[in-house]
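**Student:** Chain by chain, the residues:
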Amino acid sequence: MNAYIGTSTSRIDGRAKVTGAAKYAGEFNIDGLVYGAVVESTIAKGRIKHIDASEALRVRGVLDVLTHQNRPRMADASAAYKDDVAPEEGSPFRPLYDDKIMFSFQPIALVLAEEWETARFAASLVRVEYETAAFTTDLQAQRNSAFVVEKPESHRGNADKAFAAAAVRHEAEYFIPIEHHNAMEPFAATAIWDGGGKLTIYNKTQGVQNVQRYLCSVFNMKPDDLRVRSPFTGGAFGSGLRPQYETVLAVLGAVKLRRPVRLALTRRQVYTVGYRPATIEHVAIGAKPDGTLDAIVHEAIAVTSQHEDFSRNDTAWSGQLYKSPTARYEHRLARVDLPTPCDMRAPGAATGVYALECAMDELAVALKLDPVDLRLRCYSDRDQHTNRPYTSKQLRECYRQGAQAFGWSKRRAAPRSMRDGTELVGWGMASGVWEALQMETAARITLTANGHAEVASAVSDIGTGTYTIMAQVAADLLGLPLDNVTIKLGDSTLPLGQVEGGSWTAASVSHAIAKTAGEIRKELLRLAQAVPDSPLANATVDGVALVDGRIVHKRAPDRAVSIADAMRQGKVDRIEREGTVQFEDDDSHARNTHSAIFAEVKIDEELGVIRVTRVVNAVAAGRILNTKTASSQIMGGVVWGIGMALHEETLLDHRFGRFMNPNIAEYHMPVNADVYDIKVIFVDEPDTRINPMGIKGVGEIGIVGTAAAIANAIYHATGKRVRDLPITLDKLR
Amino acid sequence: MAPAKPHQSAAVAIPVPDKISVSLNVNGVDVQLDLAPWTTLLDALRDRLNLTGTKKGCDHGQCGACTVLVDGRRIVSCLTLAVMKDGSKVTTIEGLAKDGMLHPLQQAFIDHDAFQCGYCTPGQICSAAGLLAEGRAKTADEIRELMSGNICRCGAYPNIVAAIQQVMGHS
Ligand code: FES
Ligand code: FES
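So the sequence lines, in the order shown, correspond to chains A and B.
FYI, the numbering for the first sequence is 1 to 733, going by our numbering.
FYI, the numbering for the second sequence is 1001 to 1171, going by our numbering.
Each hint should be verified, as a subset may be incorrect.
What the hints assert, rightly or not - Each pair of labels, with its calculated beta carbon distance range:
hint, chain 1, residue 1, chain 2, residue 2, range
1, B, Leu1132, A, Glu584, 48 to 56 Å
2, B, Asp1086, A, Asp84, 45 to 53 Å
3, B, Gly1061, A, Pro481, 43 to 51 Å
To be verified - Cut-off 30 Å, straight-line C-alpha distance, at most; resulting in silico cross-link-like pairs (DSS-like, lysine-lysine):
hint, chain 1, residue 1, chain 2, residue 2
4, A, Lys628, B, Lys1085
5, A, Lys256, A, Lys323
6, A, Lys571, A, Lys628
7, A, Lys256, A, Lys288
8, A, Lys488, B, Lys1098
9, A, Lys256, B, Lys1019
10, A, Lys198, A, Lys82
11, A, Lys82, A, Lys100
12, A, Lys323, A, Lys679
13, A, Lys720, A, Lys679
14, A, Lys323, A, Lys720
15, A, Lys151, A, Lys323
16, A, Lys23, B, Lys1098
17, A, Lys679, B, Lys1085
18, A, Lys256, A, Lys49
19, B, Lys1089, B, Lys1019
20, A, Lys488, A, Lys522
21, B, Lys1138, A, Lys23
22, A, Lys222, A, Lys23
23, A, Lys198, A, Lys151
24, B, Lys1098, A, Lys720
25, A, Lys731, A, Lys410
26, B, Lys1085, A, Lys151
27, A, Lys198, A, Lys161
28, B, Lys1019, A, Lys628
29, A, Lys488, A, Lys198
30, A, Lys628, A, Lys23
Honestly, the hints are just simulated from the structure, not real lab data.
What you are looking at is a predicted structure, and each value in this text was computed from that prediction instead of being measured.
Every residue gets a Cβ at the ideal spot worked out from N, C-alpha and C, and that includes glycine.
So that you can see chain B by itself, here it is in the shape it has in the complex (with noise of 0.2 Å):
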């Protein structure tokens, strides 16, 4: 079937922001894409990178879903507009595993089931690995309390915690 013809109007032409060139490190890749400033890293990871493992659940910063690691700490990547980020080493979950290999992380939420739908996972998982690096929870409480930015409608909130848990255990 031929696409039909686009539909253009004849008046001028309302401009949209010119394109950037934006390096970024992604998964130890080297990246060059051309965006326009208004694009956030989430959409360029999604539609740009085809890197779907990151979530948008609101794309106001409220949930979480989108969390990936910029420079080994965890933001919130609908947050963030990529042209930022210039420069950057982005860890997103399809980065955690290694050689096949699952992140213990991976392993452990799945011994748990600290989780359900999958949804909000990626982003649990990667902001889990950044407060592992950040070393600012030590007891089941702190872990509860620097994992809320994270929403789990599924509510595996217990599981979740006993997974990382499991994981500080080990490191």
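Looking at chain A on its own, in the form it has when it is part of the complex (with noise of 0.2 Å):
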């Protein structure tokens, strides 16, 4: 009874995105409507001595200046605006909360006109002394302060023994820059009153209803006075998880001015809100002269900011994913004086595996051995660390199926023998691993006699796919055409949807839909069983399914039962129900999602100018809803993959410990000319443990082992070794 499910289906938001009609949060035109303007911070640290806005004040169309000392009430306690995604430890960034300053390009005055022209004008006459105190941004320089944070996974055996004692041995420093998420559309909030005293924020936002519990809390406000919504995110990438400043600000100019006010930030303003952060990995890997490992140690050192401590797992990937019987971790955070890190596409993940999988690729060179037979002959069955099974792991058909379908068995294993004209020519692979994650999560359906249904649930699209997939798993369970199912997510008062991060979306709100779906088909049944002489008389809800507007016996499909005659018998027109899934922690086996990319990269031999021409990526992550999206979510992880390889670094300048280039020209990311062939594989992954219809998620999947498939490409085209990312032409000489 899948006519959708597992299909080609185009997007069903696609006509709206095509045409212009798809409102994003900074494009709610309003009357009377006043524009925000931002302004920063032009030292690390510090205090406000003095802000002088009478300047900007006298600005025509300027309706006010909030600063510290004239913004309406927040929370005092730091804890009121601890969200959903906050870090455990730490206190969180209060936007305009008092005369701190704690990381440059900081928010310390919003100016509210009638103009955004205007706005922008007075911003720049915001006068502001500063009283200044030390501060540093330089990693290098604080690695050696970095201080522990406990992560779960234990350690097994004597790891730095073992490699002691290893034939074989690589060990190596690996760097991953600063990188920003540079989401197209920049950060942004409407915030507008409804005339009773309510107000509704249009957000761009990966959780509408992380971010109404924050304003709820910072604003103490009661929770209907207060409506998050965002129908359409123009990408996040993880930098919308947390509510951002900008949310804040708009609420303290509406209730100040009690007008409706925008803020959309700039994009120099986007920079400040949070970034993946700077990560030296450690590798030590021990092997036998066979392939088999002894042993793994990951160490990493990573920057946080002063007042929060930010870390993900980049380090435990290593000893999961291969078999060692030894394996010791660290995570270490260097505190520096800027904003706070925060996810960005599959963290941890990114940057640790991008280090596991160049130290691999060192290691197969050391031994003389085939990069994918190394991997084959340290693979694991077993989740390492805890030694359960998997759910499912189809990762050697990752192997075999990308390895045949990029042609590695013409690879030519001498570095630098392969070449097409004056480009060396360089093949390399790596795995990627990621979680498979389910959150409770909650959807209602309201299905009308007519045959259309409705289903709402607060999650978000943020370019995932979700609304399409919403759509074609409730036309299945619901047995409708697609055109007649509606889809309403990114709005605070729909039932539970968590936060749309960590790949875990799909599967949630897929079974909570699934769920909730029963509960329709349920009541459809009882209402067709009150039906004169019901030929579903004895069916069960189990033996029975929607299909084609009917209620049809499973064994007996001729006994059936139309849903219109049903409800018309029952004299009601609309069925709603709403139901939440919950994940039973079953910890009898791990989840994960595996994949194996392989890349082709041509480096121009006397200009070193390198480009990826052709990249594989098989990808093992259960039952896909929707070939074309998802296929979609892995091409823009690899397109990622190649910006954190050959692109994308933040720069700092320490002397005034501030973002070099928080701009789109100057912070590389690739464009259409730098992205050639990418081919996409899913390999079959029946998994019927994770949950009922195999769902894991391919939203990070993409991103992660992309890199190191190219630095390793770049090793075996030119021979030289480049850890530190990007890898920039200059690096090659």
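Grab the two chains, each in its own frame, and use the hints to assemble them into the complex.
**Tutor:** Pasting the structure below:
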């Protein structure tokens, strides 16, 4: 009964997006709208001695300038600012709270004006005197004072001893600089009064209910009085998991003026809302000559802010992925005077697995083994941390199908041994791994007698395709054409939805819909059985399915009642049900997605210009709900991997403690001409254990390992190993 | 709730530029706007004409999200002051579909899944329409090169190229 699940279905929100009808957070125009502009700190640390807005206030059309001195009331307690995704340790940044400066470009005043240009002009006239304090933004300078963060994964054996005794050893340090998400839509919030003293905030976010709870806490408002909506989100990649400062400032302005206020951040301002932390990764792997491992040691040092301890799992992937009797991990944090880092596509894994997979490549060279062969020699069918089996793990198939599609067998092992005219050719590969998570989620379905269903949940679609997969699942389970299903999401008043992150949304919301569709089916069966001489008289709810507008006996399909008849008989014109799905915390199995990435680079021998001419990414991620949108997710992840390998780096001027390239021209990201052939393969991975529908999620896995495959290909092409990302042409000299 | 009194300083006001009357033909409709010289075409479209399909990704001419067609040529509207285009014909994403029928590029973008979040999409499609009119791109490599002013952070590039190729093949 799967007309839609598993198919290549075009996005149901596609038409809105290609016609310009889709409205993003900063696009709700309304009479009387006030425009905000932010004044940013020009120092990295210290306090505001004096702030003079008198000149700004004299600009015609300026309504007010809010600072920590005159803003409306906000909560004092640091705990009031802890959102669902805030790090456990530390106190969140409180925008416009007091005179403290914690990082450069920190928002310190909000200019409110009748027009955007006026607000921006006036913002340039706000005069600030600072008292500066000593600061640091340099990870290398702080690495020795980094402190250890406790992580759940336990070590096994004595890895250091085993490494020291190993026959073949590889040990090296890898570096990933600060990277920024740079979603195309800058953060924006439009706060609108509804007349009854209630506020609706259109906000760019990955979690409307997280923002709603946060704002209620910060402004001491009742949940019913504040609604957060985000029908469309112009990309976020983790940067929209936590509420960001624009939403607080928009509400401050709206409260102060009692008018609707929009605040759209500039691109530069977006650089202060979070970033992938710069990380030093130290990996040591000891092996026997046959390519089985004796020891893995993985240590990471990453930056965090002075006020919060942000860290993810960088190191433990190493001890999970490959069979090794011993393993040790250590994660340390170095404090710098910057905003707190945040999640960015495959946080922890994008960086940690990059280091691991480059190290494995170096080990393969030392062992004179083919890189795929080495990975097969230490392949693990069980999660190495806990010695549990996986609910499913088709990584072996990823290697096989990926290698075949790529033509890996034609690879010559020696570096610099393949070329194409004036270009050196390099082929490299890597593995990828991510978690298959699922979270408590609710959905409401309203079925009307005319055969239309509305499905609602407070989840988000940040470009991931959530609208579409929700409609596919609902259409199949309710037996309706896709066009008869309407999806509502991105609204805090809808049933429980978690922030969209960690690749958990597809599995979670699909099961919420499935559960609720089951309740609808149950009610329909009850109504159908009330029909005189019902052909379904003895049927059970699990014995019937909804197909083509009818309630059908699964084993005797000629026994059926039309949904319209059943509802008419029961004198109901609509059935509404809400269901919440919880996922049992069953510890018996490990849950992960896996991938194998194969990359080809061509490098101009004289100039060192690197092109990634082919990538094959073979992914094992359970059941794929929509091959079209899922492929796009992986393709996007690969493009991110290309950027990570070759382009992306946020540069700091440590003398000023400030980002030097907070703009799209100087922060390099892949453009169309940087991206050639990307092939995505989904290997078959039936999984009856992880959840009833066998869904795992694909948002992150596409980036994991990709930068390593490219770095390894660059080594293969040139014979030069560059471990510091990004691999720019100067580093190949 | 009554609006609070705006905070106004008693000191002498600092003026902002006087508004100038600007005539544009936007998507086939003649419009007359009073705009300050510092207003970009992008802000005029988004904030004054409520044509929010044209996106603002950087406001600095770096991303292409604000691409529109002016007198048939693709330009970044954030680097264009509206007064400079007085008397021009502007086509935005809202003006590409005719009588409810999608422009072939719009349909091809849907068919090839040439977008994810959709924020770069209006700019990509307007840019592609300009590219087709230029007639310069023949190969996939040329499309890639000539579409490189439009950044897609979601990374839909291969699908964008495929969508454009499909339309090129039919025109
Ligand atoms: S907004 Fe105009 S190029 Fe980015
Ligand atoms: S579709 Fe999201 S930036 Fe292109």
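**Student:** Return the numbers of the hints above that this structure violates; sort them in rising order.
**Tutor:** Numbers 4, 5, 6, 7, 17, 21, 23, 24, 26, 27 and 28, in rising order.
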